[in-house]
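Quick note, the sequences are listed as chains G and W, same order. Residue 65 is where the first sequence starts when you use this note's numbering, and the numbers rise one by one after that. Residue 802 is where the second sequence starts when you use this note's numbering, and the numbers rise one by one after that.
Note that these hints are calculated values from the structure, not bench results. Any given hint could be a false lead.
[To be verified] Rough simulated footprint, nothing fancy, chain W against chain G, three-plus residues with beta-carbon under 8 angstroms:
| # | stretch |
| --- | --- |
| 1 | 101-108 |
| 2 | 131-137 |
| 3 | 149-161 |
| 4 | 232-242 |
| 5 | 249-261 |
[As the list claims (entries may be wrong)] Calculated pairs, DSBU-like style, for lysine-lysine (alpha carbon to alpha carbon, straight line, at most 30 angstroms):
| # | chain 1 | residue 1 | chain 2 | residue 2 |
| --- | --- | --- | --- | --- |
| 6 | G | Lys162 | G | Lys339 |
| 7 | W | Lys1036 | G | Lys235 |
| 8 | G | Lys96 | G | Lys192 |
| 9 | W | Lys911 | G | Lys256 |
| 10 | W | Lys907 | G | Lys196 |
The beta-carbon is built from N, C-alpha and C at its ideal position, and this holds for glycine as well.
For reference, the chains in residue letters:
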Amino acid sequence: MNDMAFNRLISTVLLGFSILLWSCGNTDHTIKMKGSDTEVNLAVNLAEAYNKTDPTFSMAISGGGSGLGITSLLNGQADIANSSRPLTEEEQALFKKKNMLLKTVVFAEDATAFVVHSDNPITEIDVKTLSKIMSGQVENWKSVSGQDVPINIYGRQSSSGTYSFIRKKLKIAYSQKAKEMTGNAQILEAIKIDKSGIGYVGAGYISKKIQDNKGIKVLKIKNDADSNAISPLDPTAIKNRLYFFQRPLYQFIPEKSWAKVLSFIQFETKGEGTKIIEKSGYYLIQ
Amino acid sequence: MQYKKRVAIDKIAKIIFKSTGYLVLALLGGIFFMLLYNAIAFFLDVSPLDFITGSQWNPTAAEPAYGILPLIVSTSIVSLGAMLIAIPLGVGTAAFISEYASPKLKTILKPAIEMLAAIPSVVIGFLGIVLVGPGIADLNNLPNGLNALNGAILLAIMALPTIITISEDAIHAVPQTYREASYGLGASRWQTLRKITIPAAAPGIIAAVMLGLGRAIGETMTVLMATGNAAIFPKGFFDSVKTITATIAIEMGEVPYQTTHYYALFAIAIVLFFMTLVANLIGEYFINRFRKYHAA
Chain G
65 MNDMAFNRLI STVLLGFSIL LWSCGNTDHT IKMKGSDTEV NLAVNLAEAY NKTDPTFSMA
125 ISGGGSGLGI TSLLNGQADI ANSSRPLTEE EQALFKKKNM LLKTVVFAED ATAFVVHSDN
185 PITEIDVKTL SKIMSGQVEN WKSVSGQDVP INIYGRQSSS GTYSFIRKKL KIAYSQKAKE
245 MTGNAQILEA IKIDKSGIGY VGAGYISKKI QDNKGIKVLK IKNDADSNAI SPLDPTAIKN
305 RLYFFQRPLY QFIPEKSWAK VLSFIQFETK GEGTKIIEKS GYYLIQ
Chain W
802 MQYKKRVAID KIAKIIFKST GYLVLALLGG IFFMLLYNAI AFFLDVSPLD FITGSQWNPT
862 AAEPAYGILP LIVSTSIVSL GAMLIAIPLG VGTAAFISEY ASPKLKTILK PAIEMLAAIP
922 SVVIGFLGIV LVGPGIADLN NLPNGLNALN GAILLAIMAL PTIITISEDA IHAVPQTYRE
982 ASYGLGASRW QTLRKITIPA AAPGIIAAVM LGLGRAIGET MTVLMATGNA AIFPKGFFDS
1042 VKTITATIAI EMGEVPYQTT HYYALFAIAI VLFFMTLVAN LIGEYFINRF RKYHAA
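Bound-form chain G, shown alone (with noise of 0.2 angstroms):
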């Protein structure tokens, strides 16, 4: 049997399957959307806040890391994929042949906080020391932080976007040592036991309350050794674009969907949902 004929079948399968399913509930009026953990939270209170204007209205959100929400928009299992990076130029070949034209909206800007544990000297790191940690050349932190203690890399897993995003931003392959946990959460508390622990979670995470952030420390960020060093818990740095960790949120809507989700857009980019953007430790960039 060849390739063709193969998919072909399988996707007959899934169909029969779906319409199976399709006929079961009534899927004009929800909203599917999936994709990036960064960004769940602040979906899920956004959605609820808009259903406060429009009780007709309803969204099933779900995360598992914007990969997965661009593999189910290709596979038609989504209406608004969140996503933490653009899209790959695989991705764009493979919605090319599909022949699915995407809508892009930017709604928000993340930063990508690096946090350690608050027992750990160091307030500030440069970005070619932290690539070098992140990369496992430097596996003590003797030559960062004076302390003779081996580092703990806490990332995401491959899905993740922000996974991509520091790897990319970086510049540097994980080092194989680096343990992939399913969250943001996990990482925080992760470090929140472990001195000498390094992670990275979205600054909408790290809580505004002091007291939910014992334990852990986020650091500044310097561009090169020089430089200022930067928190990504300074709104007017990010919104100069200042930290080297910061990255424009997106959400793709196929064409077809874009009258379903439309009203819910502009009530994220204009309306009362730029508050609960700001409130949940996100930035807005107009």
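Fit chain W to the known structure of chain G by using the hints.
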């Protein structure tokens, strides 16, 4: 008329049950061929020798490496560790329930153990993150508890119900006459259990262990949450490991379809399939031997 109706109903019932039986076979065959088909596509790109002997799994690197060895070692460390913990606990519990426990205690213990099997794996994984992991870290003075030992302890908990239930059946099924003969020769209860009952039930106990092992190898969510998932080649119980199941679960969500990486996941899935298949077949073999042995 009545007779014809009865025959017709019987015929229809036969067809229905036959088709459900064949459906299960078709499902198994279909899954196997889907795995095989995609795995073959992988081996057209990467040589099987590199796949089996490569000591690095890093498909997203600039030069992708598809070595399954670290994954197999990880899965083996975690599941064998789980067995080391679960076998003494499980067989001991089974012997206690069958030989020592009062009937009243038995009626409480047996359902309680079956309840253990009903706990969802994600809950066990959560326990690993908040309880077992930090506990291991504290006891051994480690920076974190996300390692193979954590996974092994959790998988031992998950394999226990299988091991206890089947072992208990096996020990219980040893004919009473064996024990009576042993007591008649003046042997104590402990001597009888150790030298007569457990050896007589051995095939059943081995079957229980193998079925428990099959469960441990195939478990995904728990190890994904609790073992840290570092891709490096593991050296011991205190290293983070990334098992076959966790690798598939993590990478399947983001891999672009019809690429080498995508096919590679099917190739490691087929290896996993064979590992659990062998464990289950050995288990079935000993269960059958045990049945024949005692039927005679």
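Going through the hints against the structure:
no. : hint                  : in the structure
1   : 101-108               : violated (count 0)
2   : 131-137               : holds (count 3)
3   : 149-161               : holds (count 3)
4   : 232-242               : holds (count 4)
5   : 249-261               : holds (count 8)
6   : G:Lys162 to G:Lys339  : violated (37 angstroms)
7   : W:Lys1036 to G:Lys235 : holds (29 angstroms)
8   : G:Lys96 to G:Lys192   : violated (40 angstroms)
9   : W:Lys911 to G:Lys256  : violated (40 angstroms)
10  : W:Lys907 to G:Lys196  : violated (59 angstroms)
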